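Asker: Based on the provided sequences and hints, a complete structural model is requested.
There are 2 protein chains.
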Amino acid sequence: MPTAVVLLSGGMDSCVSCAEALHQGYSVAALHVNYGQLTQDRELQAFNDICDHYNIDQRLVVDISHLASIGGSALTDRTIQLRTNQLATEQFGAEGNSSKSEVPNTYVPFRNANILAIATSWAEVIGATAIFIGAVQEDSSGYPDCTREFFESFQTAINTGTKPETTIQILTPVIDFKKHQIVTRGAELGAPLHKSWSCYTNGDVPCGECDSCRLRERGFYVAQVTDESRL
Amino acid sequence: MPTAVVLLSGGMDSCVSCAEALHQGYSVAALHVNYGQLTQDRELQAFNDICDHYNIDQRLVVDISHLASIGGSALTDRTIQLRTNQLATEQFGAEGNSSKSEVPNTYVPFRNANILAIATSWAEVIGATAIFIGAVQEDSSGYPDCTREFFESFQTAINTGTKPETTIQILTPVIDFKKHQIVTRGAELGAPLHKSWSCYTNGDVPCGECDSCRLRERGFYVAQVTDESRL
Numbered sequence: 001m002p003t004a005v006v007l008l009s010g011g012m013d014s015c016v017s018c019a020e021a022l023h024q025g026y027s028v029a030a031l032h033v034n035y036g037q038l039t040q041d042r043e044l045q046a047f048n049d050i051c052d053h054y055n056i057d058q059r060l061v062v063d064i065s066h067l068a069s070i071g072g073s074a075l076t077d078r079t080i081q082l083r084t085n086q087l088a089t090e091q092f093g094a095e096g097n098s099s100k101s102e103v104p105n106t107y108v109p110f111r112n113a114n115i116l117a118i119a120t121s122w123a124e125v126i127g128a129t130a131i132f133i134g135a136v137q138e139d140s141s142g143y144p145d146c147t148r149e150f151f152e153s154f155q156t157a158i159n160t161g162t163k164p165e166t167t168i169q170i171l172t173p174v175i176d177f178k179k180h181q182i183v184t185r186g187a188e189l190g191a192p193l194h195k196s197w198s199c200y201t202n203g204d205v206p207c208g209e210c211d212s213c214r215l216r217e218r219g220f221y222v223a224q225v226t227d228e229s230r231l
Numbered sequence: 001m002p003t004a005v006v007l008l009s010g011g012m013d014s015c016v017s018c019a020e021a022l023h024q025g026y027s028v029a030a031l032h033v034n035y036g037q038l039t040q041d042r043e044l045q046a047f048n049d050i051c052d053h054y055n056i057d058q059r060l061v062v063d064i065s066h067l068a069s070i071g072g073s074a075l076t077d078r079t080i081q082l083r084t085n086q087l088a089t090e091q092f093g094a095e096g097n098s099s100k101s102e103v104p105n106t107y108v109p110f111r112n113a114n115i116l117a118i119a120t121s122w123a124e125v126i127g128a129t130a131i132f133i134g135a136v137q138e139d140s141s142g143y144p145d146c147t148r149e150f151f152e153s154f155q156t157a158i159n160t161g162t163k164p165e166t167t168i169q170i171l172t173p174v175i176d177f178k179k180h181q182i183v184t185r186g187a188e189l190g191a192p193l194h195k196s197w198s199c200y201t202n203g204d205v206p207c208g209e210c211d212s213c214r215l216r217e218r219g220f221y222v223a224q225v226t227d228e229s230r231l
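Sequence order for the protein chains is A and C.
Under my numbering, the first sequence has 164 at position 164, and the numbering climbs by one with no breaks.
Under my numbering, the second sequence has 217 at position 217, and the numbering climbs by one with no breaks.
If you're looking for bench data, these hints aren't it; they were derived computationally from the structure.
Take these hints with a grain of salt, some might be off.
It does not matter which identical chain is meant; a pair holds if it fits inside one copy or across any two.
[As the list claims (entries may be wrong)] Below are the DMTMM-like pairs computed for lysine to aspartate or glutamate, each with C-alpha atoms no more than 25 Å apart in a straight line:
1. Lys163 x Asp77
2. Lys163 x Glu102
3. Lys163 x Asp176
4. Lys163 x Glu138
5. Lys163 x Glu152
6. Lys163 x Glu149
7. Lys163 x Glu188
8. Lys178 x Asp77
9. Lys195 x Asp57
Here the structure is a predicted model, which means the values were calculated and not measured.
Answerer: Now the structure itself:
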């Protein structure tokens, strides 16, 4: 049985990517990264809940809170105000100030490269042949490190920067999905979506107002699936 | 004055790269990474000594000791024995068991990608336009993440994975140098080579026996420069 490193943030997209890896017959080694994000504790709980659900023993939790020290993102820096609706206006087609070329201030500079580099180091040591990452190009509109183009170039970096005998493939099973398609696929695979956490704020229950909550709610609505985490 | 992030391990190659960045007119932001290597404390001291020498104020020290937890390298794992002479036999042309295609066991899986990812995140936030890394392709023979090919592919990952307005160039000023050329160039630029640390073991003075010490000694010998750290 081949092994895959699955990047499991605890969010819905990574939850479905994990389900996809298991569905494709991989043994899953789950990687979670704390990067000093405001919702760190809640996301770690979601990571462990999903791992428990799937009986995943091989877990690695890594702290890269230097990304928070470096700053530059509303997700890690309390002095930068979360601009709500910046994603929502693009996604839902409403009028807004955000232009398509503007990168949202929730972008954590080059975060996915940092995470993929760790995943590759781990994959090379444990002999995993795939890395699953639940990046979504369209729904995260404007994050440069969520594009297919970025993942293709990072794939080349992996091919050139690891041992000749190492073969690791980046897989992005939901990259072209809209949020409702992720919900639908998750429901099909029996993914524990109710254990995932999407909200950009910390709390016992999701705020229901941030961009991420709104995208999630909309996704469940369009997919006509009940979000059991809201029951 | 443009800013460059300089990766400053405290070794000779990065010391000369730092001198090169200053020589080219950059304001230097120095980045040091602890990755759980056995010589961590001594290298950090060398980093600070070199920064002090150049009056570099902007310093960032990052801990990525998860690379040590991940393991797979003699540099981070005490249970893997440092194979001495594995570089030396290749470099010095003597007979040995190591074949050219074999990656030395001092290779830390995908380390340079991890380090470059951090450097890129920092560079993007502070507006640096260059990253200097003192990688050497030939002298580190067999490290896949020290090749020109790897750096070119990582450059593409930076171009695609950062904001459209971000421009960061990876510069590898010593990549094609042999060790003695690094010594010569360092001496020309007045780099504080005597403050750098090369030894793979920990101690007050270099062991003089490990691959890294032998390469350094040979470099100074061929360049006909005195290594003041050995006086």
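Asker: Pop the pair Lys163 and Glu188 into one bin, within, between, both or neither, using alpha-carbon distances up to 25 Å.
Answerer: Answer is neither; intra-copy 38 Å and inter-copy 35 Å both fail.
Asker: Checking an output row: Lys163 and Asp77, CA cutoff 25 Å. Within, between, both or neither?
Answerer: between (37 Å within a copy, 18 Å between copies)
Asker: Can you give me the call for Lys163 and Glu102, within, between, both or neither, at a CA distance of at most 25 Å?
Answerer: between (38 Å within a copy, 9 Å between copies)
Asker: If the cut is 25 Å between Cα atoms, do Lys178 and Asp77 qualify within a copy, between copies, both or neither?
Answerer: neither (28 Å within a copy, 44 Å between copies)
Asker: For Lys163 vs Glu152, is the C-alpha pair at or below 25 Å within one copy, between two copies, both, or neither?
Answerer: Answer is both: 19 Å inside a copy and 17 Å across each meet the 25 Å cutoff.
Asker: Using 25 Å as the alpha carbon limit, work out where Lys163 and Glu149 are close: within a copy, between copies, both or neither.
Answerer: Cα proximity of Lys163 and Glu149: in one copy and across copies (23 Å, 13 Å).
Asker: Using 25 Å as the alpha carbon limit, work out where Lys163 and Asp176 are close: within a copy, between copies, both or neither.
Answerer: between (31 Å within a copy, 20 Å between copies)
Asker: Within a copy, between copies, both or neither: where do Lys195 and Asp57 come within 25 Å Cα-Cα?
Answerer: within (17 Å within a copy, 45 Å between copies)
Asker: Should Lys163 paired with Glu138 be assigned to within, between, both, or neither, using CA atoms and 25 Å as the limit?
Answerer: between (33 Å within a copy, 16 Å between copies)
Comparing the model with each earlier hint shows violations of hints 7, 8; every other hint is respected.
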